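Trainee: Protein chains in written order, with my numbering: chain A, 2 to 301; chain B, 863 to 1119.
Worth flagging that the hints you see were computed from the coordinates, not collected in a lab. Keep in mind that a hint or two might mislead.
Said to hold, decoys possible - Heads up, simulated SDA-like pairs for lysine to any residue below, C-alpha to C-alpha not over 25 Å straight-line:
no. : chain 1 : residue 1 : chain 2 : residue 2
1   : B       : K870      : A       : S37
2   : B       : K865      : A       : S37
3   : B       : K1090     : A       : S37
4   : B       : K934      : A       : Y64
All of these numbers come straight from a predicted model, not from anything done at the bench.
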Amino acid sequence: MNTKVTIAGVEFKNPVTTASGTFGSGMEYSEFVDLSKLGAVTTKGVASTPWPGNPTPRVCEVYGGMLNAIGLQNPGIDVFCERDIPFLKNYDTKIIVNVCGKTVEEYVAVVEKLADQPVDMLEINVSCPNVKEGAIAFGQDAKALENITKEIKKAAKQPVVMKLSPNVTRIADMAKAAEAAGADAISLINTITGMKIDIERRKFVLANKTGGMSGPAIKPVAVRMVYEAAHAVNIPIIGMGGIATYEDAIEFILAGATMVAVGAYNFVNPNATVEVVDGIEDYMKRHGIEDINSIRGAVE
Amino acid sequence: MKKYEMGKVREIKSLAPGIFDMKVECTLSEYALPGQFAMLYPKSASTLLPRPISICEVEKGALRFVFRVAGKGTKEFSGYSAGDEIRVMGPIGNGYPLDAAKGRKAVLLGGGIGVPPILELARQLSEKESDVTVIPGYRDSNMFLKEDFEKYAKTLVATEDGSFGTKGNVMDAIRENGIKPDVIYACGPMPMLKAIKKYAEENGIEAYISLEERMACGVGACLGCVVKTKEPDHHSHVNNTRICTEGPVFEAREVEI
Ligand SMILES: Cc1cc2nc3c(=O)[nH]c(=O)nc-3n(C[C@H](O)[C@H](O)[C@H](O)COP(=O)(O)OP(=O)(O)OC[C@H]3O[C@@H](n4cnc5c(N)ncnc54)[C@H](O)[C@@H]3O)c2cc1C
Ligand SMILES: Cc1cc2nc3c(=O)[nH]c(=O)nc-3n(C[C@H](O)[C@H](O)[C@H](O)COP(=O)(O)O)c2cc1C
Ligand code: FES
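Generate the whole structure from the sequences, applying the supplied hints.
Mentor: Spelled out as structure tokens, the structure:
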């Protein structure tokens, strides 16, 4: 039975990774999860300098999910390279580094610093709804997305995954723009912009007013978008949005995803990632599937 | 080491209107410390995230939690019966530093639903130190855990409506009784913690305060639960620290509240 998948020449032992920002640098969950069981660990967004993030409250629960407005707090690329990469190198898993910035130059600076680091892939977050400048602006305009993708491709030594925002009119256009500019893969979806109001206090629950929605309730939107993107482009897709169980993961693969990422559900079940890995294997056995790659996009 | 496991309700009862006392059998009771907390997972599909609840007391094979019904999750817990299963993760956080009280006058302050987290501390400190005073502060005469504190340490009480002990808050009780603490341990609402921080700074004493913030993961991964710090934090490299991981207890001077 084969669970290996390949994206831009990088081979993953199974199609399961973590959604950026929900798993820290891997360290935080290593008490619960044997990181070597995962296809890859995708780390929290990292910028060229430390970012303090947004004021609190930064998270809240909503029906079937949660909102977050962390604001991409991160310690900066230098600390990341000194501390987090060496930690992850203790495990037999691939490393996908999620990169954020406010300007094209800032993204490129991070990508250049990562050029000689032992990481396997870069995921470029052009879709965070929680920071004022940069980030999502690049992900909501096809021209801007093409431009930043080209600049990053020029600087990058590792394969580049562009992480797309669901907060657009036509996801297929964004997927095509990334592909045309040379992206090696795309990942989707990032969070859906939302809002929650405390009716007793007549105040926004989050200090940032809006936040990105994630969790089980967004899964149908995410599956639909992965399906549309898969039909628009030929590059591989990392699918995510509301994955809680192996059944959810298989849905994404049937919709066309090569890999899948578990996000907010790590907060609900710290073992969710490994349970998804094991569940996919059981599903393959049960259905006599020899190769996970054979069911990609196989929905009829 | 944190554990994520299925616990079992040993006993549950109401202590006061809307306040519940629930003992949960779980293996993490073997090494839980005073001031730490646990994540309790509601089962209802209308909830997603676990609820952070402080460890009130550590018993053999069980943890005692005392909580106020505040919304969906705590409402669900309040309806549990002995024998029901409940998922727990923990113990989480650093806990109160007991050594800071060595040979000194320690005063423990709890306000409202911040009273329960200082009970285990009162028990452990009173075993080691001779000068421990506890001041729980309540809104009115619905005083929960008062007898428990009296078993372990000298206990004074403040009530907002003056129905028992000092009329006012825990700081009023300190003044009224002429208490001069060398070290304070506290948990309670933000205005109380701010007043304690100010008092401690003015009097040049140590105060260990336990903070709350909205949490998602409880393990330091989501960065949802931060508080501003005076100095850059060793982990985040900005003036922000994670309450769930570096806290929930901080020396008052370290944090900007
Ligand atoms: C470290 C820590 C220790 C705590 N210890 C205790 C305790 O010992 N006893 C007790 O009664 N309460 C305690 N609380 C507060 C308790 O976590 C909330 O009252 C509880 O989460 C409310 O959940 P709910 O589902 O009933 O309310 P809902 O309003 O339905 O909750 C919705 C969401 O908001 C979160 N939330 C709501 N209020 C708070 C709050 N005050 N703090 C943090 N998150 C909140 C919930 O966790 C949930 O994610 C503690 C909080 C923290 C951070
Ligand atoms: C607390 C939190 C922090 C996140 N931080 C990042 C981030 O730094 N970079 C990024 O590209 N996506 C980030 N995301 C988005 C997730 O990676 C993922 O795309 C989204 O949450 C949908 O998946 P889910 O429903 O499984 O959580 C974050 C999500 C959450 C909940
Ligand atoms: S609750 Fe996630 S970092 Fe503290």
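Trainee: Please go over all the hints and tell whether each is borne out by the structure.
Mentor: Going down the list of hints, with the structure as the test:
1. The straight-line distance between the Cα atoms of B:K870 and A:S37 is roughly 32 Å, outside the 25 Å bound, and the hint therefore fails.
2. Taking the CA atoms of B:K865 and A:S37, the gap is near 19 Å; set against the 25 Å cutoff, the hint holds.
3. Between B:K1090 and A:S37 the alpha-carbon distance is near 35 Å, which puts this suggested pair outside the 25 Å criterion.
4. Of the pairs offered as hints, the one joining B:K934 and A:Y64 holds, with about 11 Å between alpha carbons and a cut-off of 25 Å not exceeded.
Violated hints for the displayed structure, listed by number in ascending order: 1 and 3.
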